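2 protein chains.
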Amino acid sequence: MRGYVPGEQLNSPDIVKLNTNENPYPPSPRVFEAVRAALTGDKLRKYPQPLGDDFRRAAGRVLNIDPDSILIGNGSDDLLTILTRAFVPEGGLVVSPTPSYILYRELAAIQGARFETVRFTEEWSLPFPWPKPDADIVFIPNPNSPTGTLLPLGPGHLEPFADRFRGPVVLDQAYVDFAEDDTLATSAGWLPNVIVTRTLSKGYSLAGIRFGFALAHPDTIRELVKVKDSYNCDVLSLAAATAAIEDQDYYRGVWAKVVATRERMRVELRELGFDVTPSRANFLWCRRADRPVKPIYEALKHRNILVRYMDYAGYDGLRISVGTDAEVDRLLTELRSILAG
Amino acid sequence: MRGYVPGEQLNSPDIVKLNTNENPYPPSPRVFEAVRAALTGDKLRKYPQPLGDDFRRAAGRVLNIDPDSILIGNGSDDLLTILTRAFVPEGGLVVSPTPSYILYRELAAIQGARFETVRFTEEWSLPFPWPKPDADIVFIPNPNSPTGTLLPLGPGHLEPFADRFRGPVVLDQAYVDFAEDDTLATSAGWLPNVIVTRTLSKGYSLAGIRFGFALAHPDTIRELVKVKDSYNCDVLSLAAATAAIEDQDYYRGVWAKVVATRERMRVELRELGFDVTPSRANFLWCRRADRPVKPIYEALKHRNILVRYMDYAGYDGLRISVGTDAEVDRLLTELRSILAG
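Sequences listed follow chains A and B, in order.
Using my numbering, you'd call the opening residue of the first sequence number 1 and step up by one each time.
Using my numbering, you'd call the opening residue of the second sequence number 1 and step up by one each time.
Since the hints were made in silico from the structure, they are not lab data.
Quantities reported herein were computed from a predicted structural model and do not represent experimental measurements.
There may be inaccurate statements among the hints.
To be verified - A few chain A residues that don't get close to chain B, going by computed Cβ distances all over 12 Å:
hint, residue
1, V35
2, A58
3, V62
4, D77
5, D78
6, R119
7, G167
8, D229
9, D234
10, D275
11, D329
To be verified - Reference listing, derived: stretches of chain B covered by chain A, where coverage requires no fewer than 3 residues with Cβ under 8 Å from a Cβ of chain A:
hint, segment
12, 79 to 93
13, 223 to 237
Heads up, the beta-carbon is just placed ideally off N, CA and C, and yes, glycines get one too.
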């Protein structure tokens with residue numbers, strides 16, 4: 001087993017990091033206040049709330065859902081791990097679409113399970129009927145990575161979608177905050193076989209604090225609690241996450257800026273000859289028919305711009321995160337120079 | 001499966017909490033400084049160091065060990081989970097001594113593995129030869145909980161001890177900081193089948209930030225890295241942990257205070273008729289022959305003092321954490337009143 005290899009993390013101050021889909025804007029000022037308020041000897045020396053009750057109440061209020069349908073996680077990786085351990089036996093079957101998030105394969109390998117993929121259709125939807133009815137778990141990122149494409153699963157669509165699957169379906173909504181569709185963000189698993197995972201790493205500018213949450217039927221949550229580590233989220237992350245989820249106004253502004261930059265990037269990258277998939281996330285999947293993209297990735301890296309080169313058995317491309325406007329300007333300038341060279 | 005039930009967490013300000021072995025003293029002032037310094041927009045919005053290199057360097061220097069022999073964990077629970085997933089197949093065998101930490105049984109259940117125990121001898125050592133040679137992993141807390149007893153595994157003792165076991169042996173040293181034996185604290189796994197786990201929750205007064213680390217041969221660490229979540233420790237916890245491990249002077253003072261209070265508690269609890277096992281940890285295991293202890297636990301709870309009642313198939317007792325001197329005085333006053341009543 002090779003293990004999941006996260007995106008490169010170079011730390012030169014001159015580096016433009018457009019490879020791990022971090023939010024280019026800082027978290028809400030309320031996050032800093034909340035962490036400072038939690039920074040007391042008593043809070044640090046004592047165990048945190050095992051289920052994150054304060055966060056659950058706040059998120060329940062903001063998302064208009066039952067707090068008992070929320071499970072806290074040490075990043076959504078922790079939640080994906082918990083779900084794999086809860087549902088997949090050794091020798092079981094994990095399925096996800098392809099091209100998609102490559103962590104699912106590693107989770108299956110760690111669990112001693114098989115991993116199979118189902119190709120997205122040409123229009124980035126899923127085949128019907130679902131060709132792998134025996135999966136112990138199906139992971140579907142929505143929006144998807146690396147493509148940024150979105151399955152329409154709002155009210156009226158989720159139920160027939162879920163009916164396709166016999167076992168549990170995990171909608172990994174890591175990037176949903178950039179999809180501009182509130183019905184998706186709160187479409188929790190009222191259906192017995194649907195579980196939604198969310199993260200504060202992307203939309204909420206908090207990759208550093210490791211916080212995610214799952215939404216599912218309260219009966220499912222109660223079973224998942226038995227699998228998670230008792231105290232999987234720390235007191236400072238819980239304080240930060242609670243303050244962040246409560247400051248929707250601030251983040252709506254952040255998401256709007258990211259979306260505006262994404263749309264400008266898309267237009268400009270197309271003008272540079274890239275085939276850019278329309279994205280509902282904070283990154284763009286860029287391919288080209290006229291020349292290989294890997295040398296472009298390497299040339300950008302040489303110029304201190306990190307993007308992500310991804311290769312799905314010959315179907316390859318560059319996944320470029322949406323940065324600040326200044327970062328995107330630098331990217332475009334360097335790309336023009338590389339493509340002219 | 002019932003799931004691990006952590007100690008009760010009541011939050012009345014009047015509660016004396018002597019049930020989850022939290023440190024009664026606050027963390028080092030340097031911890032607060034380090035967290036404040038890490039509290040920047042850029043640190044929060046970016047992913048943390050996947051392997052915690054800054055912590056590994058600091059801990060390597062302080063403990064005089066190779067940083068590559070250190071694995072960071074989101075509390076030592078995370079490390080125990082990683083070890084179980086790495087070494088135990090479904091249907092495999094997890095073994096620990098009894099009476100001991102009850103989490104190991106839950107870890108085995110989540111993994112779909114069997115769990116068996118081996119009784120400590122009357123002198124709180126382990127039987128020789130080891131009666132369960134087929135274990136996929138053996139967990140041995142040292143000092144042990146709930147008893148606080150310590151196996152002598154310093155230089156010269158560890159190697160013959162490890163030779164008893166065919167598979168990996170995990171020395172869970174959560175409480176080693178209170179054992180006053182530096183050779184134990186740094187006896188990392190130079191032996192191919194020994195892995196040591198440590199936590200900052202107890203000795204370093206940081207239960208709230210969730211941080212632990214494992215010590216093992218660098219080859220073992222490299223394999224375990226593949227099983228852990230990519231970013232299992234957050235940027236604020238890493239900053240806190242690094243500052244804490246560097247401030248050994250402060251913590252030596254804390255440990256000395258806890259040990260002094262523990263020894264006073266032991267004498268006074270014996271005078272109150274308890275059978276108190278000599279402890280090298282920050283708690284005492286208290287039983288009595290003349291009357292059941294569960295009603296004493298309940299009477300203390302009624303008076304806002306939480307201790308832990310534990311029952312190992314009829315072998316029961318109270319595990320009482322070492323608090324501040326004022327907390328211990330209140331405990332002793334209430335106990336005198338309860339026992340006289």
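Cross-check of the supplied hints:
no.	hint	verdict
1	V35	violated, 6 Å
2	A58	holds, 17 Å
3	V62	holds, 20 Å
4	D77	violated, 4 Å
5	D78	violated, 6 Å
6	R119	holds, 26 Å
7	G167	holds, 17 Å
8	D229	violated, 4 Å
9	D234	violated, 4 Å
10	D275	holds, 29 Å
11	D329	holds, 20 Å
12	79 to 93	holds (count 5)
13	223 to 237	holds (count 12)
In summary, the structure is inconsistent with hints 1, 4, 5, 8, 9 from the numbered list given earlier, while agreeing with the others.
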